[in-house]
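Novice: If you want the building blocks of each chain, they are given just below.
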Amino acid sequence: MRRIATGVLLAALAAASVCCSRPQPYRLRPLLLPPPAGPDAPGLPPVPAVSPRNASYTIEARLDPGEHTIAGSLVLDWRNTSDRALSSFPFHLYWNAFRNNLSTTARGEGRRRRFEPGEDRRRFGWIEVRSVRRVDEGEEDLTPTRQYLHEDGNADDRTVMEVRSARPVAPGASARFRIEWDALEPYGDPGRAGWVHDYHFVAQWFPKIGVFWHGSWNAHPFYPTTEFFSDFGVYDVRLTLPRGFVVGATGRLQESRDNPDGTRTLRFVQEDVHDFAWTASRRFLERRGRFEDPGYPPVEIRLLVQPEHEHLAARYVEATKIALRDYGTWAAPYPYPQITVVDPAWGSASGGMEYPTLFTGGARILSPPELHSPEGVTVHEAGHQFWYGLVANNEFEEAWLDEGFNTYMTAKAIDASLGEPAWGRRVLGGREWTGARLGWPVVQRGVRVPRGADERAELREGGKEDVMARPGWAYRDAASYGLNSYSKPALVLQTLEGLLGDQTMTRVLRTYARRFRFAHPATADFIAVVNEVTGQDWRWFFDETFFSSDLCDYAVTVDRQPVRVPTGWLEGRDGKLEYRKAPPKPSGREGAVDSRVTVVRRGEVRMPVQLRVEFEGGRVANETWDGRDRWKRFEYPSAKVVRAVVDPEGRIAIDVDRVDNEWIDTDGPARRASTRWAARFLLWVQAFLELQTVVG
Amino acid sequence: MRALLDGFRGLFRNAGLIVLVLALNAAVALVAALPVASLLREDLSHTGASTRMMYGFDYDWWRHFDHQAGGLAGDFAPDLLGTGFAWRNLDLLVQGVVPAGLFSGFTGADAALLALAALYWLLQVFLTGGLLATFRAPAGGWTFRGLVHACGFHFARLLRVALLAVAGAAVLFAAWRPLTAWTDRLAREAVSERTALVLVFGRAALLLLALLLLHLVSSYAKVILVCEERRSAVLAFVSSLGFCARQLGAVLLQYLVVGLAGIALVGLFGVLDRWLPVSGWTTQLLALALFEAFVAAQIALRLGLLAGQVELQQAGDRPRE
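Residue numbers (this note's numbering), protein chains in the order written: chain G, 1 to 696; chain H, 697 to 1017.
None of these hints come from the bench; they were simulated from the model.
The structure displayed is predicted, hence computed values, not measured ones.
Nothing false has been slipped in among the hints.
Taking beta-carbon pairs under 8 Å as the criterion, some of the chain G residues facing chain H (in silico):
1. R431
2. L438
3. V447
4. A453
5. A457
6. D667
7. P669
8. W677
9. A679
Under 7 Å between C-beta atoms, here's a sample of chain H residues computed to sit facing chain G:
10. N721
11. A728
12. L736
13. S746
14. T747
15. R759
16. F772
17. P774
18. D787
19. A892
20. Q980
21. L984
Positions of the beta carbon are idealized from the N, C-alpha and C atoms, including for glycine.
Hey, can you work out the whole structure from these sequences and the hints?
Specialist: Dropping the structure here:
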């Protein structure tokens, strides 16, 4: 009896090990990347060595982890790079978005958490400026001139503060501001910044001057969905906090000093960045890696990982290397000597976010390699260094220039290095947000998610809601912001790559990334680069995609008719009319046929398309069509078409329905595929029915 | 263990019962599967995706199909592959979708499928009387007429037991909601993800255990009702509680063995399924045979457990081993 029980137990354990077996660690695919282009590569713009450095900050801040407060003071050296004298200066006070439930962020629907009635007091946070002084050429107290700006009409919002000086700053001249402030860190997940337990993620945390751009100050309120925009400079930051904390920050550690009161002061310095973020926790484990590849400057990788994610450290580091290598060659190499990767604490919303030379990943303990997590988020956030970090477009107004470019390149890099991710679903965690993230990952290794497939589905379902190119706060809802800032621009760029070819696209991106490094470019600058590199006017392409809410959908249909045998009254050899009877219908096999292939434009977007037509006997015809009319017919007399594919190479990634792109003659596969999958569906239903007997 | 073995011997002596339940199961399931087959056939007709779906899975096609398909076809997803369906069912059980979506607000599966599931549940309650009557004297064999007669004779009382069990499950799930909210809150506030993971999986395990205990008591109540020809479902429940308390080790051991055998069965299915490539008609038939063998084995485990319970109950409070 015992033997039977033991046998059953062993069999169950063996079965469980089959079901739950750890998958093989992934192998990197052999890379087919173009060689990286050096700083002075011929035919490409030179890479600027330094930024304009017109907004440099020297900051001293002290964290009280018990009270979750920060007391800070900063000196801002700001240079007027505009063509006019300026006397008013807006500053962002981002943490005031979490001050109460009246801020613009709290009122709206967006990516940041809304405050609910009866909200936990800890979730509120604020930043309060004690004083603002102008300290160049004599001291001027600007504190009394302080007022809050409300471009959205919300008088309760305190996220943009403006001060005025009696002494305008002339074009090219500099001003020095000294600001003192206090701040309360919010708890948990109202925004990216905040604390949970002893983990502090401190970002967008100091009064930060706006950008004078395109003839006016660009300092928008902290909208529910939008991100950031700021000028480049040198950051010299001293952070004081109790000893025992592991600290990660933008820049390199220059100095560490223990103070008599039990605290430690750390000094971080970084040139040519436009922001400074930092994190501190006693729980961080520190792991290091080094990116070294011929043609790229070496980069030290510092990973601060949660103890429960230690087993994922190598995957974090490897994914960071993938981003540094792939983005480095497709755009321009990463110029800083170090990068810090932060694995956020459980319960924090700081994951998956980018800051100069520092970014946050995000992982679960149960992370099968096939799902490419944390690789996907790591490559994406590391990739932001190249667009948000170095090119630094206006994320308020043209989020797609960062998020869209980055989503496009993330997919390309993941595809090139790791291959397509598998499909998976988490179970047993429940439906609520917390549990759903924790569920047991069931991975379907046989189901691969091709590049762009999820984005395409998103575009199909919500693409008509908004024109893509509009300010981040002007989209209909948060989902539309996500679609038009991430998914659609990524598909548009993938389509552009398909139309231009990989080599030309790489040249476009390299030219754009190098010419506009540290330069705050706009969409028009990118279009100009495309036109310049290709030598053609591609404005039409962007009109159809960036500046449109239309969808793209091409389809193919095939119609075959028996070859027409002359029947009826026809002229005979002698020129007289004679009657010819219809020939008897051929029995059995289909006789000779004429084929007509029609390519239909079902969407409004117009793209040049290719058509591949395969005939019985193996002959192939390749056709092209400018795609502008609603349809185009191709006729093939006395030829039997067995397969027709519009866009056979999948170049039009924004084609929202690829199922109707291909027609095949035979219906056998449909019969077999449908019975195959219906049988699986039947099995599930049968098992589900049996499950009913558990209760009752 | 001996009671369980005797139960399985009795079941195999009456193996036709497995076939009967399997046929019933397949017949009800076909009502759901046939329209889906037709929809799949229609959607894949003359498309390149049909070739890809014949040999693998076309994700692009599925996203499109899933977006358009309503009703039953909306339950068609990649997790039907391999042992994924078993995970999905376990998840549905924990979510309260069983039986018939009663405890989940009728979400998680299509309404038509839930209606079919309710019908199947009722059929199984009906059949239980006949099955138990056969297992009471397995050497005597069974006839269809006799089975139906016993089913009809015991149905009303067994239905009351089943409804009592459903009411018990309703109480369980009602108590579960605040517990879920509480553990979610604890999990959210946990310092480490590991703690959160333990909380979330722990509560799922606890729920499964509670459901199992409920099943145990209701199952023995049915056995007592039929074997002792009781009239009162409530008293049968009470007697079952007493019996299970007295024979706790033995009744739990039966569940443990059958549960482990169930896991082994799913694992074996996973291995065979991975090994069997499906594309042509022959391999499809083989796959279908494998699927039906799996369901038959699943049914056999359930009926074997029931027969084992009859054996144990008939042995009374005297320990057999």
